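S.K.: Take a look at the letters that make up each chain.
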Amino acid sequence: MFRNQYDTDVTTWSPTGRLFQVEYAMEAVKQGSAAIGLRSRSHVVLACVNKAQSELSSHQRKIFKVDDHIGVAIAGLTADGRVLSRYMRSESINHSFTYESPLSVGRLVVRLADKAQVCTQRSWKRPYGVGLLVGGLDESGAHLYYNCPSGNYFEYQAFAIGSRSQAAKTYLERRYESFQESSREDLIKDAIMAIRETLQGETLKSSLCTVSVLGVEEPFHFLDQESIQKVIDTFEKVPEEEEDAGEGEAEPEAALVAAGTGEQGGSGDQDVAPMEM
Amino acid sequence: MTFTIPIENGNGVKDAEADSQRTLYPYVTGTSVVAIKYKDGILMASDMGGSYGSTLRYKNIERMKAIGKHSLLGASGEISDFQEILRYLDELTLNDNMWDDGNSLGPKEVHNYLTRVMYNRRNKFNPLWNTLVLGGVKNGEKYLGMVSMIGVSFEDNHVATGFGNHLARPILRDEWREDLSFEEGVKLLEKCMRVLLYRDRSAINKLQIAKMTEEGVTVSEPYSLKTFWEFKAFTNPTVGAEGS
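As you go down the protein sequences, you meet chains A and B in turn.
Take 1 as the starting number for the first sequence in UniProt numbering and just add one per residue.
Take 1 as the starting number for the second sequence in UniProt numbering and just add one per residue.
Derived by calculation from the structure, the hints in this document are not laboratory data.
Mixed in with the good hints, there may be bad ones.
Sample of chain B residues lacking proximity to chain A, with all beta carbon distances greater than 12 Å (derived) [stated by the list, open to error]:
| id | residue |
| --- | --- |
| 1 | P26 |
| 2 | P170 |
| 3 | D200 |
Distance condition first, Cα-Cα at most 16 Å in a straight line; then the derived EDC-like pairs of lysine to aspartate or glutamate [claimed, not checked]:
| id | chain 1 | residue 1 | chain 2 | residue 2 |
| --- | --- | --- | --- | --- |
| 4 | A | K125 | A | D7 |
| 5 | B | K138 | B | E215 |
| 6 | A | K51 | A | E202 |
| 7 | A | K65 | A | E91 |
| 8 | B | K39 | B | E141 |
| 9 | B | K142 | B | E91 |
| 10 | B | K108 | A | D7 |
| 11 | B | K138 | A | E139 |
| 12 | B | K69 | B | E91 |
| 13 | B | K108 | A | E226 |
| 14 | B | K142 | B | E178 |
| 15 | B | K138 | A | D138 |
| 16 | B | K138 | A | D7 |
| 17 | A | K189 | A | E226 |
| 18 | B | K69 | B | D96 |
All values reported here derive from a predicted model rather than from experimental measurement.
A virtual CB, placed ideally from N, CA and C, is assigned to each residue, including glycine.
Could you put the whole structure together from the sequences, leaning on the hints where they help?
M.R.: What follows is the structure, given as structure tokens:
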């Protein structure tokens with residue numbers, strides 16, 4: 001995308017019916033490090049890549065527990081992600097307090113999406129620069145949603161966002177038909193393998209990724225390093241075909257983003273903008 | 001005798017709240033509601049009377065109403081407050097339906113919502129003068145609970161309000177079983193309602209019984225209980241009394 005005279009504020013339409021500020025916000029999501037979500041009939045797994053900015057620092061938290069039955073993984077401006085996670089926790093707990101019943105995931109994502117939409121229609125606000133993968137379990141089963149800065153949300157069987165997520169998406173596209181009936185263990189394995197795809201040849205170690213699970217009779221929790229390493233050990237010896245780096249990120253919200261020249265996903269492999277990580 | 005709280009801010013002007021009144025006592029009241037869990041769901045019974053003090057003024061008041069697909073609410077106490085509660089729940093179920101997403105409010109959710117409402121009103125010293133019984137079946141799970149006007153709330157296998165607590169619950173404690181059939185349940189409830197009819201002066205002989213099962217909620221047509229007044233003690237009530 002190139003600078004143009006319609007991209008100064010979010011309340012200006014372009015002649016072709018685009019809101020450039022919103023699209024730029026979605027670019028911010030593509031800059032963040034990868035986050036992946038998959039679901040089966042009974043479980044949802046959220047996983048992400050943890051890259052610390054330097055050897056000295058710790059890595060940023062990108063997966064948050066919203067409630068026992070809902071978790072969220074973010075990519076993009078983590079500060080925005082933190083604020084939205086707090087909002088989600090608040091909504092969830094208020095619902096539990098009034099109705100003594102867990103908030104259904106579908107309703108939570110709609111509230112989140114409406115909140116994001118507000119920022120696309122106020123001249124004194126900016127869109128949230130974070131994409132959220134919301135995974136949860138409710139009466140109607142296991143769900144995985146993707147909320148983007150535009151205020152749209154979509155439900156997925158599996159999805160990946162952030163830099164080099166195209167590689168993970170290609171992997172998931174090949175295998176997604178088996179996910180619905182997958183066992184919990186297979187689902188976790190698929191998540192970690194998808195993470196591996198985004199690492200582009202770097203050795204997969206348990207210190208590099210965070211994996212969280214929730215399911216029927218299993219409240220949201222993180223897997224510890226040991227368990228992750230065990231799963232990695234089961235497949236790391238097997239040589240796998242190298243996946244190409246994502247070219248032309250075709251984000252599913254093509255309805256909003258005009259299917260123009262998609263930017264190379266995760267632009268700048270080596271350097272990531274200082275805000276995310 | 002009204003109790004108003006004059007509120008003055010710095011300008012000596014009274015706020016809108018200044019002449020508001022708090023609930024002091026109920027005017028038109030309904031008497032007991034009795035409810036039990038049975039094999040297939042919940043049974044609830046209440047009469048159709050609305051008393052105006054000691055006068056049995058209204059004789060066609062439905063004190064049990066279906067809420068959503070899964071629940072039934074029965075109330076004793078101030079009838080106008082019951083109608084207000086029904087309005088709140090109407091709004092609630094309407095908004096729930098508007099989501100159109102396959103989720104529906106179950107009896108547990110409605111019960112907790114009502115508990116919050118009742119308790120909050122109590123905290124403002126402006127209670128809804130009712131004792132509510134909330135029952136229903138959702139996804140095969142039976143639920144029966146109660147909320148009082150001060151926000152005390154609990155669940156049980158059988159509940160009653162008002163006089164029902166004193167006259168009906170002892171019967172239910174003795175005779176209630178987990179696996180009551182529909183006919184047995186109705187008979188048990190009628191036994192309780194008959195005792196209440198004899199002994200509660202605000203009760204009238206026109207009652208409805210409501211049934212809640214997985215299939216849904218139904219409220220029966222009003223009917224009367226058979227009563228027996230030929231007890232020997234009634235034929236000559238003052239025999240043996242002082243001064244007779």
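S.K.: All hints, please: hold or fail.
M.R.: Now the hints, each set against the structure:
| no. | hint | in the structure |
| --- | --- | --- |
| 1 | P26 | 26 Å, holds |
| 2 | P170 | 30 Å, holds |
| 3 | D200 | 33 Å, holds |
| 4 | K125/A / D7/A | 14 Å, holds |
| 5 | K138/B / E215/B | 9 Å, holds |
| 6 | K51/A / E202/A | 12 Å, holds |
| 7 | K65/A / E91/A | 13 Å, holds |
| 8 | K39/B / E141/B | 11 Å, holds |
| 9 | K142/B / E91/B | 24 Å, violated |
| 10 | K108/B / D7/A | 50 Å, violated |
| 11 | K138/B / E139/A | 11 Å, holds |
| 12 | K69/B / E91/B | 15 Å, holds |
| 13 | K108/B / E226/A | 40 Å, violated |
| 14 | K142/B / E178/B | 11 Å, holds |
| 15 | K138/B / D138/A | 15 Å, holds |
| 16 | K138/B / D7/A | 52 Å, violated |
| 17 | K189/A / E226/A | 14 Å, holds |
| 18 | K69/B / D96/B | 11 Å, holds |
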